[in-house]
Amino acid sequence: MSADVELDDVWIKFGEFVAARDVNITIKGGEFFSFLGPSGCGKTTLLRAVSGFLEPSQGEVRIGGQNMQGIGPNKRPTALIFQNLALFPLMTVWENIAFALEVRGVGKAERRKRADELLELIALSDQGDKMVHELSGGQRQRVAIARALAAEPQVLLLDEPLSALDLKLRQHMRTELRAIQQRVGITFIYITHDQGEALTMSDNIAVMREGVIEQVSDGNTVYDHPETSFVASFVGENNLFSGRVTEVSDGFATVDTSEGPMRARNALKNGSPQLSAGDSAYVFVRPESLKFANGHAHDNTIKAHINQQEFEGHFWQVFMDVPGSDKTIKMSMVNDGMELSHATGSEVSLGFAADLAVALPEGPLAAE
Amino acid sequence: MRSDTILKISVAVFVGAFFLYLFGPLIIMSVTAFNSSAFPRVSPFECFSVEWFNVLVNDDKLMLGLRNSLFIGLGVVLISVPIGLAGALMLMQISPRVRSWYYTIVISPILIPGVVLGISTLVFWDRLGLMFNADYDSFFYNGIFLTILGQATFISAYSMLVFISRLQRFDSALEEAALDLGATHVQTFRKVLLPFLRPAIGSAAVLAFLASFENYNTTVFTIVSESTLTTVLASKVRYGINPSISALAVIIVVMTLFGAGVYEIMRRREEAQRAASTLIAKAGDAAAVLGRKRRPVYAEPAMIILTLVFVAGLGTTFFAGTVGVDQCKVAVKEEKRRLAEERIKERKLKSMFKQAAPGKETGSKSGGGTGKVEAKGTEGYKSIFAPQNLEGQVESDEKPAEDKGKVDAKGTEGYKGIFAPQNLEGQVDSETKATEEKDKIDAKGTEGYKSIFDPKNLESQSGTNGSN
Ligand SMILES: Nc1ncnc2c1ncn2[C@@H]1O[C@H](COP(=O)(O)OP(=O)(O)OP(=O)(O)O)[C@@H](O)[C@H]1O
Ligand SMILES: [Mg+2]
Chain A
1 MSADVELDDV
11 WIKFGEFVAA
21 RDVNITIKGG
31 EFFSFLGPSG
41 CGKTTLLRAV
51 SGFLEPSQGE
61 VRIGGQNMQG
71 IGPNKRPTAL
81 IFQNLALFPL
91 MTVWENIAFA
101 LEVRGVGKAE
111 RRKRADELLE
121 LIALSDQGDK
131 MVHELSGGQR
141 QRVAIARALA
151 AEPQVLLLDE
161 PLSALDLKLR
171 QHMRTELRAI
181 QQRVGITFIY
191 ITHDQGEALT
201 MSDNIAVMRE
211 GVIEQVSDGN
221 TVYDHPETSF
231 VASFVGENNL
241 FSGRVTEVSD
251 GFATVDTSEG
261 PMRARNALKN
271 GSPQLSAGDS
281 AYVFVRPESL
291 KFANGHAHDN
301 TIKAHINQQE
311 FEGHFWQVFM
321 DVPGSDKTIK
331 MSMVNDGMEL
341 SHATGSEVSL
351 GFAADLAVAL
361 PEGPLAAE
Chain Z
1001 MRSDTILKIS
1011 VAVFVGAFFL
1021 YLFGPLIIMS
1031 VTAFNSSAFP
1041 RVSPFECFSV
1051 EWFNVLVNDD
1061 KLMLGLRNSL
1071 FIGLGVVLIS
1081 VPIGLAGALM
1091 LMQISPRVRS
1101 WYYTIVISPI
1111 LIPGVVLGIS
1121 TLVFWDRLGL
1131 MFNADYDSFF
1141 YNGIFLTILG
1151 QATFISAYSM
1161 LVFISRLQRF
1171 DSALEEAALD
1181 LGATHVQTFR
1191 KVLLPFLRPA
1201 IGSAAVLAFL
1211 ASFENYNTTV
1221 FTIVSESTLT
1231 TVLASKVRYG
1241 INPSISALAV
1251 IIVVMTLFGA
1261 GVYEIMRRRE
1271 EAQRAASTLI
1281 AKAGDAAAVL
1291 GRKRRPVYAE
1301 PAMIILTLVF
1311 VAGLGTTFFA
1321 GTVGVDQCKV
1331 AVKEEKRRLA
1341 EERIKERKLK
1351 SMFKQAAPGK
1361 ETGSKSGGGT
1371 GKVEAKGTEG
1381 YKSIFAPQNL
1391 EGQVESDEKP
1401 AEDKGKVDAK
1411 GTEGYKGIFA
1421 PQNLEGQVDS
1431 ETKATEEKDK
1441 IDAKGTEGYK
1451 SIFDPKNLES
1461 QSGTNGSN
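Chains as they are written, first to last, in the numbering used here: chain A, 1 to 368; chain Z, 1001 to 1468.
Quick caveat, the hints were computed from the structure, so don't treat them as lab data.
You may find that some hints are simply not true.
[Unchecked claim] EDC-like mimics (lysine to aspartate or glutamate), calculated; alpha carbons at most 16 Å apart, straight line:
#1 Lys75/A with Asp1060/Z
#2 Lys75/A with Glu1175/Z
#3 Lys303/A with Asp321/A
#4 Lys1191/Z with Glu102/A
#5 Lys291/A with Asp355/A
[To be verified] Computed far set for chain Z versus chain A, every beta-carbon distance over 10 Å:
#6 Arg1002
#7 Pro1025
#8 Leu1181
#9 Pro1195
#10 Leu1207
[Unchecked claim] Beta-carbon label-pair distances, calculated as ranges:
#11 Ile1094/Z with Glu16/A: 14 to 24 Å
#12 Ala1272/Z with Gly363/A: 15 to 25 Å
#13 Leu1128/Z with Lys13/A: 15 to 25 Å
#14 Phe1189/Z with Gln58/A: 25 to 35 Å
#15 Arg1267/Z with Lys108/A: 27 to 37 Å
#16 Asp9/A with Met1092/Z: 46 to 56 Å
#17 Ile1094/Z with Asp9/A: 30 to 40 Å
#18 Asn84/A with Ser1203/Z: 20 to 30 Å
#19 Leu90/A with Ser1043/Z: 38 to 48 Å
#20 Ala1272/Z with Asp126/A: 18 to 28 Å
#21 Arg1190/Z with Thr200/A: 16 to 26 Å
#22 Phe1189/Z with Glu16/A: 42 to 52 Å
#23 Pro1096/Z with Leu90/A: 45 to 55 Å
#24 Leu90/A with Ile1112/Z: 55 to 65 Å
The beta carbon of each residue, even a glycine, is placed where N, CA and C say it ideally should be.
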């Protein structure tokens, strides 16, 4: 069984410090929902408010429509997978998994049976009698998941559960987590500062910055239609040009940047365009949206000087300077097996389509 | 010489001196426990004997004190471990600002002199007793009750320190994980925190017990009319001591060594286990762990060896200290009497001829030559080879009728210095007294005998004998 989770006007303060500010989110039952944001932005804090380890200073947390105020973590239908896993070191693997059953007074035989089922689910049958420290990192990860699932929660909360793993294992566990979620069908709330993780697994993503939810939407939308300059700079790679809006029309804005005038989509927020003439704005262009002009007509063109070209297997990274400014432009080209068309050091003209670029009001950016 | 050689040597000398300073007294004292001499001393070493251990266990006052000390220790453990645990848990819960104040307050009993704690406990309960009009048999004036409470005031703080250091390594996320999985607070405490604290509970209990067991300055006030081991020892020292106190010390030292050995084995074992498991986890080799079973600690080879060495040492000592001791003591006594007689004769001669007559030795030499050494009589044998004892042994051979232990002709090297005045003087005095005692030695009635040889002991010993 899965349950909706609603955060309604939630504020969380530690003394003067505001860790979460006016958070309004609805997570539908059975959804894989991610909170994505840089370190220290308040993701763990929000999760702790959902699991009951702290009460919001203001606002309401509802699970399955029920207000959770005053209900302790041991009474909520949630289970949390901790950032450091917090497996019980003095118990065996199966005792860890069966802990939730033990505290409910389930008999030992029944506990063992259920633990074995869960061990099978996480592909660790036969490992039940080991101590936790005898497992590898990835195995521990799975034990933590099994332990949480044994509590039969309606909502599973995961706090950067993969951050301690190496890349290979992390990628493997992503798929596995997604598979487990689909099998058990409960709501997953997943926290990460790794955008790749968020984009590949989630139905919906909330991007956070300093306690504020910047945008909530599915992965494609977050990537292609960022609503704030922070989201545009935090999610994926982007080339940024800043300037002033000279003209807006038909959902597009023209921005006068030091690299020349650029036309880009006037980003929407809540359905309405955000920029009007005279505003300070950023234009964001993804590296894969840039092309060599090669004499063709483009909505926008930039003159640049190729500084460096790096081969990265399935694509090339081309780094360029803009003459007369200290800006570096990054472009990526699919490696189609052809020779590079332009030599390093040559002067080139770049072009990009207006609807592949987005113009946003000037605002905070993600740290490099 | 190069300067670093000098440095090395001086460091070695310093370290040697330091260890001598640390362990010298313990070693000397341990030796005195096995010397049959009535006064705790190393030299002259008379007979290797465990009789002082016998004396020790037959000393009723000491044994009563010991029983009280054990009981008080147990009481203190039962009170201060829970209080210490509660105090430590509290410290972890409160906000950091209050924490330093709280810490200062709860740690203060350690800083207050034990004497003050003792007196204040006594005065406090006395006032309370007066308030309730309690009579002197009530617990308000019961020394054991007051001592348990008085000691627990500061020993609780000790055990709290033990718990604090353990709790600082506790990952509070474990508690949260348990709560999150539906455990109540009580279940979380029982199933997660308590198992983690188990080693600390053991250490705190041992520490509390030892602190209680050796405490004197608080106890001496709170004990009122009862006694503990420390108070009995203190009063004994005031009236003169015998080696049974050394014997007690030896028991404590041996138990400490054994305990330290066990602890070290456990520590290494744990370390090895941790190293092995991290290695396995790193290698990701799951199969390697599968077959591995944890061996119980008593099956650890080092543990078995330690226990064997301990038991064997105990057995050998007991055997060596029991068999042949009587024989040896008869020999020693005879030798002393003989020396005394020699001395007296000599004095007579001196006074008669004003000059000592040489050639006395010839007689004794021939007497020594007739002796044989028994293969079994290792005890008498051992002490015989100590040069000081040899002299006497040989001398006493002049009285073959009373003598049982016999000496080989080799033993003649002991002759030198027989007439050295410093060797004789003291013995003559005591011997003259000894001759007044009955000549035969009763294996059991050793006490009266011993004290006689040491003039300093005479007074107190006769006092104890009278009270027995
Ligand atoms: N108990 C607390 N008291 C005071 N400040 C706190 C407390 N817990 C968290 N904070 C602050 O709240 C902010 C958000 O912390 P939080 O742990 O939620 O970050 P996070 O997004 O989970 O970061 P990370 O990705 O590094 O885990 C941080 O600035 C942190 O210093
Ligand atoms: Mg966090």
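Please flag the earlier hints that this structure goes against, numbers listed from lowest up.
1, 8, 9, 12, 13, 16, 19, 21, 22, 23, 24
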